[in-house]
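Novice: When you get a sec, could you build the whole thing from the sequences and use the hints?
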Amino acid sequence: MTQIDWSKPRLLAKNIRKNFDERQVLKGVDLEVYPGQIVALIGSSGSGKSTMLRCLNLVEELSDGQIWLDGDEISRPGINEDEVRANIGLVFQSYNLFAHLSILENVKLALTVVQKKSDKEATEIALGWLDRIGLADKANQYPDKLSGGQQQRTAIVRAVALNPKLLLLDEVTSALDPELSGEVLELIRDLKVGGTTIVMATHELSFAREVADWVIFLDQGVIAEEGEAAEFFAHPKNARTKEFLTRVI
Amino acid sequence: MSQSEISEAQHARETWRVSRKRRSTLTAIVSTLAFAVVAWLLLVNTPGWSRVQTSFFDWDTAVKAFPRVLDGLWLNLRVLAFASISVLVVALLLALATTLRNPVLTPIRLFAKGYIDLFRGTPLIITLYLVGFGIPGLRIEGLGRIAPEILGTIALTLTYSAYVAEVFRAGIESIHPSQRLAARSLGLSYSQSVRLVVLPQAVRKVVPPLMNDFVALQKDVGLISVLGAVDAVRGAQIEVAHFANFTPYILAGLFFVLLAIPTVRLTDWLAARMAKREQMGTVL
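From first to last, the protein sequence lines stand for chains A and B.
According to this note's numbering, the first sequence is numbered sequentially starting from 609.
According to this note's numbering, the second sequence is numbered sequentially starting from 957.
These aren't lab readings, by the way, just hints derived from the structure by calculation.
Please note that a few of the clues may not be correct.
[As the list claims (entries may be wrong)] Take a look, some chain A residues computed to stay more than 12 Å from chain B by CB distance:
id : residue
1  : Glu630
2  : Gly679
3  : Lys728
4  : Ala747
5  : Gln749
6  : Leu770
7  : Pro844
8  : Asn846
9  : Arg855
[Said to hold, decoys possible] Derived DMTMM-like pairs (lysine to aspartate or glutamate); straight-line CA-CA distance at most 25 Å:
id : chain 1 : residue 1 : chain 2 : residue 2
10 : B       : Lys1161   : A       : Asp752
11 : A       : Lys800    : A       : Asp672
12 : A       : Lys616    : A       : Asp678
13 : A       : Lys773    : A       : Glu689
14 : B       : Lys1161   : A       : Glu713
15 : A       : Lys746    : A       : Glu713
16 : A       : Lys724    : A       : Asp690
17 : A       : Lys773    : A       : Glu630
18 : B       : Lys1232   : A       : Asp752
[Claimed, not checked] To spell it out: a stretch of chain A is covered by chain B in this simulated footprint if at least three of its residues, at any positions, have a beta carbon under 8 Å from a beta carbon of chain B; those stretches are:
id : segment
19 : 715-727
20 : 808-820
Each residue gets a CB set at the ideal place from its N, CA and C atoms; glycine is no exception.
Specialist: Next comes the structure, spelled out in structure tokens:
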């Protein structure tokens, strides 16, 4: 297992707020993620987990707060958001593979268009990743011919192939049955070993306990409790956390 | 149990299905024949049928008018080829222009929107007159005399590209926003996500409605005759005047129908194939 580098945070988010019209979804959330660390965001539906991830990737406009990536403020006015997004991978619950492209082309697209790699190099990288998830023989298949688990693993690999500084996973197993989510969780374990820094919103509490270093419980747009995974699950302190954990497990 | 052995129950079911199918085919044939006979009897018993028959359906006139009408049809086909290509190109540019977000390009976006509003609303015949008689009326130096079929092609392109641009735009809007979200989250710019992710999927989706517009264009190329181009319709008109008989019009009409049938069948086939892909097997 790779060591976490505590010297300086990979991602720092302060006082993140997000309103949709009158509704406050995030009411001032702070987050610190260190290189190699895996942070799990848990909480009931509507607690703001997905919104938080989208804010970090800048696909959602902040209502307040600041975000730094490797010490560089990415929430400042005038920043090139496309460049930031290329450094922060985001994977969705519904996979969102590009339907008109084969899975190889899905993985290659941003490599060639955003990172300007040659077609040959992009193909090599993409095939390498598809091989790692056992889908190299299906490289020329289109997404609708694959199982949900295969599609989701491809979606994760599509983001990871860009070698992002941070990978955001938004309930990536929620649309899958236990067997297929097992394949996806296996890939996340694999990425952890490889040292990928991950923030994941998840309902898989046992998986969060196993793989996450730090767990954050979001409740109604604020952090109700956070702590080291083992401690968090063994001795929850907050009443809301205890209620949530007994309800879910 | 092997594949060929079927149970008693399945055997009874299949026998029943076959008999039902035979019965419904038979009913369809009898009903269609009866309908055709009734329609025919009603037509031939109208008081003026014999006159209409000689002035609209005269075999000798049809044979004599045939070469000129066919010759005109060749012009229609050439106009159709040029017009459909230029319609596709202009419409795609217009549809893309309406998706522009860069403020510098706002005038282009507004122009595209105005163009679409204008030419979608103007009757084709008025656009034809305006282009067909307006452009030569400008007496632009060095342009010389422009053939009416070229002016007709321009007018058809103006009108149809506005329609087709709207078809493309509908296709672009039918692609789920999550596709663009995924593209943007990978670092693709707005225009890259439109060009590489949204547009290729949109174009595939709008093939059947595009074919529909193509069928409409196939007929409307006959309207260039109002500018004096000697196409199938104009050719027929000349023959009508010559023989004092309307049969050449029927002949030209038949040519256009024959032209449309393959396209219509192809459209149906494409639409059915896409529907099949989308609903995976159900027949409801």
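Novice: Next step is simple, just say for each hint if it's right about the structure.
Specialist: These are the hints, each one checked on the structure:
| no. | hint | verdict |
| --- | --- | --- |
| 1 | Glu630 | 23 Å, holds |
| 2 | Gly679 | 20 Å, holds |
| 3 | Lys728 | 19 Å, holds |
| 4 | Ala747 | 18 Å, holds |
| 5 | Gln749 | 15 Å, holds |
| 6 | Leu770 | 7 Å, violated |
| 7 | Pro844 | 33 Å, holds |
| 8 | Asn846 | 32 Å, holds |
| 9 | Arg855 | 30 Å, holds |
| 10 | B:Lys1161 <-> A:Asp752 | 16 Å, holds |
| 11 | A:Lys800 <-> A:Asp672 | 31 Å, violated |
| 12 | A:Lys616 <-> A:Asp678 | 8 Å, holds |
| 13 | A:Lys773 <-> A:Glu689 | 15 Å, holds |
| 14 | B:Lys1161 <-> A:Glu713 | 20 Å, holds |
| 15 | A:Lys746 <-> A:Glu713 | 12 Å, holds |
| 16 | A:Lys724 <-> A:Asp690 | 14 Å, holds |
| 17 | A:Lys773 <-> A:Glu630 | 34 Å, violated |
| 18 | B:Lys1232 <-> A:Asp752 | 14 Å, holds |
| 19 | 715-727 | holds (count 4) |
| 20 | 808-820 | violated (count 0) |
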